[in-house]
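Spelled out from the first residue to the last, the chains are:
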Amino acid sequence: MSIIKVKFFARIREEMGRAEDQVEFKPGLKVSDIWNRASGDDEMPEAMLVAVNMEHVKGDPELKEGDEVAFFPPVTGG
Amino acid sequence: MSIIKVKFFARIREEMGRAEDQVEFKPGLKVSDIWNRASGDDEMPEAMLVAVNMEHVKGDPELKEGDEVAFFPPVTGG
Amino acid sequence: MRVELRPAPFDAVAEVGDYRAAGGSPGKSGATSIFIGTMRDFNEGEEVGAMTLEHYPGMTEKHLKEICEHAAGQWAVHDILLLHRTGDIEVGEDIVLVATWAAHRGDAIDATRFIIEDLKHRAPFWKKETVSDGERWVDRNTSGYSAAD
Amino acid sequence: MRVELRPAPFDAVAEVGDYRAAGGSPGKSGATSIFIGTMRDFNEGEEVGAMTLEHYPGMTEKHLKEICEHAAGQWAVHDILLLHRTGDIEVGEDIVLVATWAAHRGDAIDATRFIIEDLKHRAPFWKKETVSDGERWVDRNTSGYSAAD
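Chains as they are written, first to last, in the numbering used here: chain G, 1 to 78; chain C, 79 to 156; chain P, 157 to 305; chain R, 306 to 454.
Please note that the accuracy of each hint is not assured.
In the DSSO-like style, the derived pairs of lysine-lysine whose C-alpha atoms are separated by at most 30 angstroms in a straight line are [what the hints assert, rightly or not]: (1) G:Lys58 - P:Lys184; (2) R:Lys370 - R:Lys425; (3) P:Lys184 - P:Lys218; (4) G:Lys26 - P:Lys284; (5) R:Lys370 - C:Lys83.
The set of hints was computed from the structure by calculation and includes no laboratory data.
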């Protein structure tokens, strides 16, 4: 079974109550589908950032087998 | 006898062949008089800088008893 | 170029000393520009006792390397050292070190400033502060000037 | 605030380390900005073997203090350390150290940059370089960027 690894960081990790999910891959799966399944929410929070395979993404791209998706709040680094 | 201490730095010190002069003070003495006496030149080189009592001066101010006058090229510090 | 995350306390000044002592050509770089970010006891109007800095293992390192490569492409710098703390940080501990070496001061200073600004606004780090009534996530960075307090 | 001329070689990085180790309130200054100028082996298209840095005893110290006080008046900095070599300087030796401490990075970085630029253009120092065919006075400073070479 091919999976998508899902990660949550910072405030979003705390709100989800976990740091990681594993989701079964299906053709046509999008970032918003992952978020809906994980959170039960229809919409992604406006301020939330999304990375696929450690690259920031905008919009709602389709995923490929083996992708890693991460959800996190705006960064406050340095 | 009250004197004016005169100092030369860098290229100008080398051209003058000395680092310091002592000049007798007279009322009305100006920076250009000091330069003329020290160098034998009528005019001060355009690029030369002048300090009186360690403050940069412009033009040709009159001097007071006990003043220290310094002549030096543009700085190349740091 | 060296880019590292540090889970334990480090002395940013000593790290620069070690790095330049190990460096090859001391006569090449006339200019060294260094920025050190240190854990303050005060932020956005409140006393802060400690901080936890969360990161995204893998993505954070990748991002920091990209920042440095971008800076090296934009300015004539010879070398870059970037160290960044993670985890639980006490007041007075160093959080970030950016050091750049160049022939000329403008290149070094601009590159260091670029790296620290990018890092503040785009690198995947999240700060959680311990204040008098518990913990709080920091939602945004300051502008970098005292008027922003 | 410490402003000093140094007639003998000094290690700029070690000096920052000592100064901050002796400092009082580590939690106050979140930002440290440091610039180090080091003797290069190359200037204005020629190899340089050594340099003599002449100064005006009394006026030079006064000027450096005024630069620092001006910077402290213009930006919210907590402390400034400024060391400057004089005399005969070999390749690889540190010439100048500017370090500023502030609550915020913008204030520290701007103050350090202001001090080093003023010092390059206005402080009473004169450089004489030893090149292959003898000695030469340096008539002007570079712009600070590699394009100026």
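- Task: Would you pick out the hints that fail for this structure and give their numbers low to high?
- Result: Of the numbered hints, 1, 4 do not hold.
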